[in-house]
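Residue numbers (our numbering), protein chains in the order written: chain A, 1 to 170; chain B, 1 to 100; chain C, 1 to 643; chain D, 1 to 355.
All clues given are correct.
Below, computed lysine-lysine pairings styled on DSBU-like, alpha-carbon distance capped at 30 angstroms:
#, chain 1, residue 1, chain 2, residue 2
1, A, K136, D, K350
2, C, K24, C, K159
3, A, K132, D, K350
4, D, K30, D, K280
Distance ranges between label pairs, derived from CB positions:
#, chain 1, residue 1, chain 2, residue 2, range
5, A, L84, C, V600, 46 to 56 angstroms
6, D, I26, A, L84, 47 to 57 angstroms
7, A, L75, C, V16, 57 to 67 angstroms
8, C, L614, A, L75, 30 to 40 angstroms
No wet-lab data here; the hints were simulated from the structure.
The beta carbon of each residue, even a glycine, is placed where N, CA and C say it ideally should be.
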Amino acid sequence: MLQQLFFGYYAFAIIILSLLVVTRSNPVHSVMWMLLLFFHIAGLYLFLNAEFIAAIQVIVYAGAILVLFLFVVLLLNLREELSLRQVAGSWPSAFFIVAGLFVVVTAALGSYVPGPVGAYSIAAVRSETHVKALGKLLYTEYLFPFEIASLVLLVAVVGAVVLAKRKLRS
Amino acid sequence: MVPLHWYLTLSAAVFMIGMFGFLTRRNIIIMFMSVELMLNAVNISLVSFSHYLQDLRGHVLVFFVITVAAAEAAIGLAIIISLFRNKQTAHVDEMNEMKG
Amino acid sequence: MNSYALIPFLPLAAFVINILFGRKYLKENAHWVSILAVAGSWVLAVMALMDVLNGNKINFDLYTWMLSGGFKVSVGFLIDQLTVVMLIVVTTCSTLIHIYSVGYMHGDTGYYRFFSYLSLFTFSMLMLVMANNFLQLYFGWEGVGLCSYFLIGYYFDKKSASDAGKKAFIVNRFGDFGFGLGIFVVFLTFGTVYYEPVFSQASSLAEATYNFLGYDVHLMTLIALLLFCGSIGKSAQIPLHVWLPDAMEGPTPVSALIHAATMVTAGVFLVARCSPIFSLSETALMVVALTGAITSLFAATIGLVQNDLKRIIAYSTVSQLGYMFLACGVGAYTAGIFHLYTHAFFKALLFLCAGSVMHAMGGELDIQKMGNLKKYMPITYATMLIASFSISGIPGLAGFFSKDEILWMAYAGESPVGKFVWAIGTLVAFLTAFYSFRLIFLTFHGKFRGTHEQEHHLHESPKSMTIPLVLLCVGAVAAGWVGIPALIGENIGVHNYIAEFMKPVLGHPEGHGTHGEEMVVMLISIAVGLAGIGLAYFMYIIRPELPDRLAQQFQAVYRILFNKYYVDELYSFIIVRPAIWTAKNVLIGITDGHIIEAVVNGVPSAIAALSSGLRKIQTGLMQHYATIMATGILIIVAIMLLR
Amino acid sequence: MISSVTSFLASIVGEPMADMILNIVIILIKVAVVIGGTLLHVAYATYWERKVIAHMQLRLGPREVGPYGLFQPFADGIKLFFKEDIIPADADKPIFYLAPVIFFSSALTALSVLPFFDGFVVANINVGLLFLLAMSSLGAYGIVMSGWSAGSKYSFLGGLRSASQVISYEIAMGLSLVGVMIMAGSLNLTDIVHAQYNYPTGFYAIPQILGFFVFFVAMFAETNRLPFDLPEAESELVAGYFTEYSGFRFAMFFLGEYTGMLIMSSIGTLCFLGGWTLPKFIMDLLPFLSELPSFVWIVVFLAKVYIFMFIFYWVRATLPRYRYDQLMNIGWKLLIPLALVNVVLSGTLKIMGWF
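Looking at chain A on its own, in the form it has when it is part of the complex:
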């Protein structure tokens, strides 16, 4: 009962916040709502016994990615354009497509059959601590993707610097 209550709160908040994120005309406000949204999602992760993911969600998403967004928003500073039209294309058609997709996907959920249960039960993860269990998996079975991920980040860093660097006027 209490769990369902919790979930209900989180789900409601998440959906409302998502809507706020995509509908605010001021990007700064969008970012702020998104920040709140990320906290709620992190709370949902905690609820699902994924404390490390929750922490990462806050540190990386809220602490790094969203700050980047915020920076860019502030750098561009588009305040005078806020009075302009905020919608490109036609929103009703997009709405119908999205709603249709939602209906189809949720309808398909009914036929979902859970797969076999894995080795990491909640108790097992708790006894080992989530970070350790995840780390073991990352550094053994997923070592190669992990290294690739580091390469992806490296490329992104280089790419971002190259793209955003102002050409020095000689």
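Following the hints, complete the assembly by docking chains B, C and D onto the known chain A.
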């Protein structure tokens, strides 16, 4: 006990909201944030699957999704900045050089 | 891996090195790579000869080239008696001519290019002769053709040279077309293109016929004639002989190597290599013999009246190639190959001497403007004289033995046309002696008829050119001593080594005649040779005004001969002009103008019309594309899930 | 007493519900204690700073309010509380209101995972260290938002500077703590302290000297303190991001900053100086100490924290301010590589079994 379906439905809803934002907004930064929203929706479903199937692989996947999201944000925002330098606008409907 | 595989690949390596690094790094030293590589091949070839003399036959596959169902071809090498003779000929001539070229090509801008082509040619030629299957033979065949094209057109800024290159290439296509068809038929018949199974199965199919366009054709005749088409092209036999005299536009070492000693003899080699097939078809042999005989007579008569130094030798080459085919045609393959082998030496020598003369004359080729060169270039004169004696069949020299062997085999062989071709051969021997010495006398004797500057410039060629001359001269004298006929050999205690040597591959038909007859034939050939020399001496030294008078008197004949029987003009009339007319009026006018243009312009304009409608969808607005994508996803997911 | 309360509750709402309600109540009490204690502490930290700096500059510092000026903080608080609340006309109001709250609450939230002595922690979670990092990165929002929303150039520049500084140094700080995580094998702060207690030296500052150095420098930048107080460099930017704030909103920034200092000092104490414990060899020498009740050890903890706080003041009084590019260079080109070296070294030594 909350059934898995609830989480999945929530995830689908957030995903669709993100998609709606991407399809309709003309501010390129908000479009970008909509994409992040969609990624988060996927993360929710991955974590909930992980929880209900008692398998940490979903978490590993989320980890990678976040990595990619970070890389994407860095590159994407750099692109937005250089776009803005050239066009003085962040509105996609004014970036239509590819028009037929 | 067998080290003999290096024989062709050393020159290939030289080619690669020269073509890649020659222009920038090797420059004037480009010859070292090529000469070393070819000399290495020569050493290996000598080793191969020793091996074969010890009774070994080498046959191995190096690398599977293509494999498709039952069709398998590999890069493989077969070294038997026939191959080894060719190897010796090719590598020896090639080495000497490489060395000669150092002097001859000195200072040329394309020095590295010349040597890399020469090496590539050597590689292709060796691939050709060492092949153990028809397809690799074909590869080498086309490779030498390509190099021939490169080298004829070596001075590509000269229009006549590039035209000659094109002519050689195109004329050879006619022959190669037949050759290619021949290989198809071989594969169709035997299911393989390897020599060994083909030749061993050939006799079992001796009587087979093949329904070709409604006619029952004798299968072996068909194959033999198709293969012979290739020979006609490559060895410049009638009617595809027209390219060889023009090929003299290339540098002289090229003429010596490619257009005298090696490549043009590939046709003879092919016939000899396929002797098991040719032997099964009397018709084919007859065609070969008659083609050879007619070509030799035809070319010899043209040679009588030409004035261009190299062209005379070129017609001589055509004529001698005819001789070789004549030999093969009467079944005396050994004699043909023997002549090929001796001819390589004296004809290469003749060409190199011509090159030496040209070098001294500053590129002048008209023998009417020469004379008395013996005073200035004694080595060239001596070696060229010996070569001419050799080709004229003076006893003791190389040419004598091989020519005599051919004539005797023609006379005494089983061929129904034997006596006829013998008569032509004897006549050609006379003509050969005549025009060879006409060349000698006009060039080296009498008064110098060129300009004063030319006379001042006359000098003997450098060492790098004269040394190969001397070495080849040794060959021109002594190369024949391995094939001394039994008639003489019995008396001085030597065998006809080459006949015995070649017997396992080519067989050795016995002549049906007495020693007396053989003696008579030999004496006749000696006599006609001497007569030819004598007549030339009479006409060009004793009575130098006589040739002009004769030309005046028999103007019609002279014209025909001088214009090479108008073959080029004939081809121009029946092939080239119709082809150009067709190209102009049909292909450009109708096909290109109305059909291709219509398609080429119509398709784009249709697409343009379509796209001008479709482009309205392309708004350039990301959201529109994304919306369309999302619609697609919606449809696909709906179909997948709700089906 | 607790059991009687429990049974009373159980009789009303049932056993499981009673446990839960009790837990919540206990947590709420802890929260109240921690926040109250911290705020009191922060109030006197300002007083103490003024005193320390004054003495370093051969002055006397506050003296008027109460004996030795001891009530000065209350006087300041009352003044700020009753001051007029000015909001610039060009401000983005909701965000302007929200920014100090974010800043202050993120600092206060970070307190929840700090163990002050054995067993006393509001939320003993397994990823405590990560939580601290998350909260400190959140503080950047408050700063950048306040700077932007005020609609003033000074504020804006201060906000941007501060945000980029905080983000940059956060990386170095996080990486410097990785060595500690590797050695302790846990992210739980209590576990880290226990691990240090069992370590021969008694605290990690000795083997982790490199990490400690990086952390120490990053600490100043994270809290926007001298010598890295560029965001509020008064000679360039007036007061930086909170130029336009006044009254109680300004007080929240002020309190947030001092709370941040306290938290940084606590992290340093917990991760490098052994938290509330004394090294084991001292405990072995003085066995009677282990008889003491656990809450006494908060004295040790606070003593260590005060050392850090004192160094904050000391540095402020002595060192000049860095230039902005120097600041960034130190962060990206010195501290982060050093921290990475430390991570690699620690990992290697851990694998080789030396840690």
